[in-house]
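Protein chains in written order, with the numbering used here: chain A, 2 to 383; chain B, 2 to 383; chain C, 2 to 383; chain D, 2 to 383.
Just so you know, the hints here were simulated from the structure itself, not pulled from any lab data.
There could be a bad hint or two in this list.
One copy or any two copies: either way a pair holds, since identical chains are not told apart in the list.
[To be verified] Listed below are the simulated EDC-like cross-link pairs for lysine to aspartate or glutamate, each with C-alpha atoms no more than 20 Å apart in a straight line:
1. Lys273 - Glu230
2. Lys342 - Asp56
3. Lys273 - Asp292
4. Lys117 - Glu101
5. Lys3 - Glu48
6. Lys51 - Asp29
7. Lys4 - Asp351
8. Lys175 - Asp292
9. Lys217 - Asp359
10. Lys293 - Glu277
Protein chains: 4
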Amino acid sequence: MKKVKMGMIGGGTGSFIGGVHRMVSAIDGQIELVCGAFSSNPEKSKESGKALMLDADRVYDSFQEMIESEKQLPEAVRMDFVAVVTPNHMHFTPVKMALENGFHVVCDKPIAFNLKEALKIKEIVKVTGLQFALTHNYTAYPMVKQAKGLVDKGTFGKIRKVIVEYSQGWLATKVEDSGQKQASWRVDPSKSGAGGAISDIGTHAENLMEYITGLKISELCADLTTFVEGRLLDDDANILLHFDNGAKGILHTSQICVGEENNLNIRVYGEKASLEWHQQEPNTLQVKYLDKPFETYRTGGSGVTDYSSSVTRIPAGHPEGYLEAFATIYKNFANVLQLLKQEKEVTKADKDYPSVEDGIRGMLFVNKVIESSKAGQKWVKM
Amino acid sequence: MKKVKMGMIGGGTGSFIGGVHRMVSAIDGQIELVCGAFSSNPEKSKESGKALMLDADRVYDSFQEMIESEKQLPEAVRMDFVAVVTPNHMHFTPVKMALENGFHVVCDKPIAFNLKEALKIKEIVKVTGLQFALTHNYTAYPMVKQAKGLVDKGTFGKIRKVIVEYSQGWLATKVEDSGQKQASWRVDPSKSGAGGAISDIGTHAENLMEYITGLKISELCADLTTFVEGRLLDDDANILLHFDNGAKGILHTSQICVGEENNLNIRVYGEKASLEWHQQEPNTLQVKYLDKPFETYRTGGSGVTDYSSSVTRIPAGHPEGYLEAFATIYKNFANVLQLLKQEKEVTKADKDYPSVEDGIRGMLFVNKVIESSKAGQKWVKM
Amino acid sequence: MKKVKMGMIGGGTGSFIGGVHRMVSAIDGQIELVCGAFSSNPEKSKESGKALMLDADRVYDSFQEMIESEKQLPEAVRMDFVAVVTPNHMHFTPVKMALENGFHVVCDKPIAFNLKEALKIKEIVKVTGLQFALTHNYTAYPMVKQAKGLVDKGTFGKIRKVIVEYSQGWLATKVEDSGQKQASWRVDPSKSGAGGAISDIGTHAENLMEYITGLKISELCADLTTFVEGRLLDDDANILLHFDNGAKGILHTSQICVGEENNLNIRVYGEKASLEWHQQEPNTLQVKYLDKPFETYRTGGSGVTDYSSSVTRIPAGHPEGYLEAFATIYKNFANVLQLLKQEKEVTKADKDYPSVEDGIRGMLFVNKVIESSKAGQKWVKM
Amino acid sequence: MKKVKMGMIGGGTGSFIGGVHRMVSAIDGQIELVCGAFSSNPEKSKESGKALMLDADRVYDSFQEMIESEKQLPEAVRMDFVAVVTPNHMHFTPVKMALENGFHVVCDKPIAFNLKEALKIKEIVKVTGLQFALTHNYTAYPMVKQAKGLVDKGTFGKIRKVIVEYSQGWLATKVEDSGQKQASWRVDPSKSGAGGAISDIGTHAENLMEYITGLKISELCADLTTFVEGRLLDDDANILLHFDNGAKGILHTSQICVGEENNLNIRVYGEKASLEWHQQEPNTLQVKYLDKPFETYRTGGSGVTDYSSSVTRIPAGHPEGYLEAFATIYKNFANVLQLLKQEKEVTKADKDYPSVEDGIRGMLFVNKVIESSKAGQKWVKM
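Start from the sequences, fold in the hints, and give me the full structure.
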């Protein structure tokens, strides 16, 4: 057995998410970065490749060149999949080309620039039969999987109310004017798409909510705001939700909440019990009951389901980090590729990572949020 | 100097809030309970009076009898003010009668059964020139006063977003059917008024929000729900808010959130800093800045304003409780009465307790919430 | 039934603990302050009595005068018990005189200036048959009673290790030189006794530990330090402990720990489970098991024993404060007095407040700590 | 530039710490695992090598074979350093042989089986001039580096008291009898050395304490216990400490504290301020002052020193995990190797990882602890 070989598109020096993808793909020792087209600027791509200690002839000037060249290499050498970590507007073209040339794809969220592109990707994935993973990394935490497991077991009874929040503060001032690279493309509609904060991080909240509860948002009422003057996209969103089972909810997200770092959290209230989880202390899951003492589940601790313990690398109390959870997506993805190479069966359980469907949900969600907000914060069906 | 003499209307044996009023009025040693009409049932009133060790001839069969009888007593003996702690529908009549017969009034919130009554009380207070206090106790915590003080100092810059929550879980099942006394009148529209959870606890959240920020809600969009089948009033509310300065907000409150005890909390995000306070850990105020380490203010600790330290009874680390904060309203109120007796000047600072205006704000708020919700969760002006 | 009548010795204006005793004795409406000798300075006593709105002829120049004069009053009028809240060196004489003249006693801890006095008090209490309560207030919290209840039920199995801490920071600098009244007598061996921090707050830690576990310290090894130059008594103590059942432990206490407010906390580790409780968040009791999710008990919440819920005044989530817990001692004490007046039976359960035995334990503890420390931190038997 | 090439000794399938070393060495993309002797059992070594997807001819039957064979390979191919992750009694021989054959070494703690071996390693490192790193990983957390930086800046003034704890509960029952591989060698004196819990985790606490404060323990008084019957080594330790500057302290550690996961925490009290850090929430550093609001530093947040921010990979709020901190040691180590290869200067700042000296400190510490305990918990000089 050899390691799975990864090519990267985007993610050059100075990129936050490119570095994260490289770190987390390396952790488990099953994936090897073999090539990359790290920037649309060939010079910058070369520099990045050198810093990453790649062979110079595997660092390409463009993703087109990379895909075409790699395709010519013998199977034992050429990349197995591409990781697409470009800004949102540059997801679709490389994803499409990679798939159409026989390469599996890991793509950073959101899946594409708009819903149309997302649907097209779905089609291509279907036609080619290749693997595609979207990195909604927050659902990979052990305690999120524990939460989902408890919901499935019926611990909470019928769910009545869900509150999910994703607040940050790093866009509270106009940092994009100071040349902050992370900010500049995120606030530019031509690169980020129609949503600002709601797309960048609100989609994570939405994905987390539906992942844990198994509920679907049936309608919503949103209030988007742009607080920082001169910014073109929303930097704040407050949304009322209705779910398909009659439950109610709130989703709020913001990038202007001074002092908030990466405050993603969720609470689910059912008829019999409730749960609470905070991404900033991801190893704790609080469960509260009508009629007995509250319980605390801990990553790697007592009472966790197999589902949760299967993604735990280290003993309880060693704080399982963001990177490790993120890595689980890569791990599961690599495992599927290995199974395919060996012509073994791939079960649904094996494919435990966000899919094209999740990506489409996200696009639709963003569209509906914007639609409701534009309509004067009216209820719109989803 | 003698203690201020209190008469109580309502609050007989088995009442939660009556007992609280008695405890907190006693703490500071400045108020003496001298008489009461503790129930509309004369027998129950007598029993309660006996348990409270009052003179039998100062325990009355009805509040009418109490007000008339006490009025005949010499000034040195008769009660100075009445505390009205009956269910909501029984606030107006005794408050009115007390005021019209020359007695000051402390009234549990909400001020009355509906807006009309509330406005009438305002008028009577104005005409009589008597003192009136409404027990929105949560604004009396030292760290809430510290928060308000920091807002006034400009610590946060222009406020952009406010999130306030008041969640409980004790009505998650139909406890009113099991004869739970606290529940039964709260879910009965003829006693509680038009609002359920939104009136009972949502008004506290609203009052807290406006007290700290100094902002006024300009419009709101509400989603009220009755989750427990057969219940007539709302037991859950999710509300989007717009403030007069352009800020946005969320207020959510519920009494069906299993496992939530008395989870009142608020976050205020400004352009320069933000704050966070939780009633269940009331001695801590978290302040977060754009560009320096986060700060934690503690009741009685370093950096607190005079405004805050003036209501602190015990050194830092001795958890200042709900009762003590509640008592501050009585203390300030009693102090005003003493000043009046001595014909001294009463300043605005002396009258640091919720007023008629606050009561009216609450009624209006409930009305608007219901109006919006009935209209299909539309925006309504406030 | 009339209220129980209290006379106070010490606790004049500017006293911390005198005010606390007055507040907490008032909360439950069963005790009335009727007289006092608030200072050894007659002028100051008068002023304090006036501020407390007492009848001038019930404010005395000395405790001797108070005891003698009150004794002459008719039973319906005279005080029922005295609360002794003077500095440590002034506990013994008034306690003795009160008892010998037929008055019950509540005494602030420590019971006396030294062990000899403490034993003498024990004897007098026995001879007179009067009631005596010592205000080790921390054991009166509902969650401390819950902890004790769980130990008694065998929840933890055999106890192996106990860690108890009581840290403060207010004596980190030489505040006694700036005329801080609380500090000055506490650091003066002629008023405080042989122990500094270890006596002032270490005895609370010791009392809490033995109350919850039911274990007795069998031997200990202590390291006392005086960090602030020129101070005569210890301001810091680190102590290793052995218990009568073979368990080991640590007790550490300090008044020079900058930033610590009133950090009293305890952890008990047994063979099957462990517990953790913090006085600064007194409404939570954490219980952790070998083989199931951790449990959280909350004041007034699910799963609490009758023992715990009987001392809870308000619903869960309303933070039960220091004052309320303190008041429980008075409440239980007053109840015993009432039972005696009515010639009813007083059970052991009724007398749920610290006794003379507890006071003696504390004195012995301090002695042993000092003995060990002086001997070069050797083990000494207890 | 090529990646640094690592060979591993020990750490085969089923090993906890071997897997951790592999994960953390991979994260930053600068180290490549090229060979290994993963077990003293050649069959198990082969299996492990296969699972790790290594070339079969680089998986060796013994570490002796590995060192000799790798030495023959061309420089561009052979390993640059070895990672020694065997049980404690198997550290010395491979470390010695690796160094004597020209290979740098990363060694898991403790450095050796006893002090004599540790001193010998020091000598060999000096003679050979090769690099040696010991993985006291806890000092690599950004907030630990922040703490050290604040101490160096004089934030706390003279340090008076230090409390450090490292508690676990996984050895509360006799798990070694059930074939638990992690437990079995740790409780076997012939493999673990003279110390049980005190060596396995107590040394981390000691290292952390001295790293942050810059103080040296001058003397200590220890109480070791073996709570689980039939176990040969200590599973619990309570220790009083004196430091070279006059400060006092407590170190307690245990592996029988039911419910404790990996509770390593430290508090440092100085004359002007104090700090608190908990490994289970490693991204927060609390600093408390005499005379201003408490401050909270957060990984990647405002106010952190360059020293701290240089080891932060991801933005604030993404919980920096155990693995990432661990990886910093490898990163710094690899960086030094690269500098050496390029014949660049290596500064003291570059060598920011635990050294031979740290390893020797640990051995000495364990010896002294045992000496004190055996002597009846007497003070012994260090």
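Margin query: Could you work out which of the previously given hints the structure breaks and list their numbers from low to high?
Written below: Of the numbered hints given earlier, the structure breaks none, since each of them holds.
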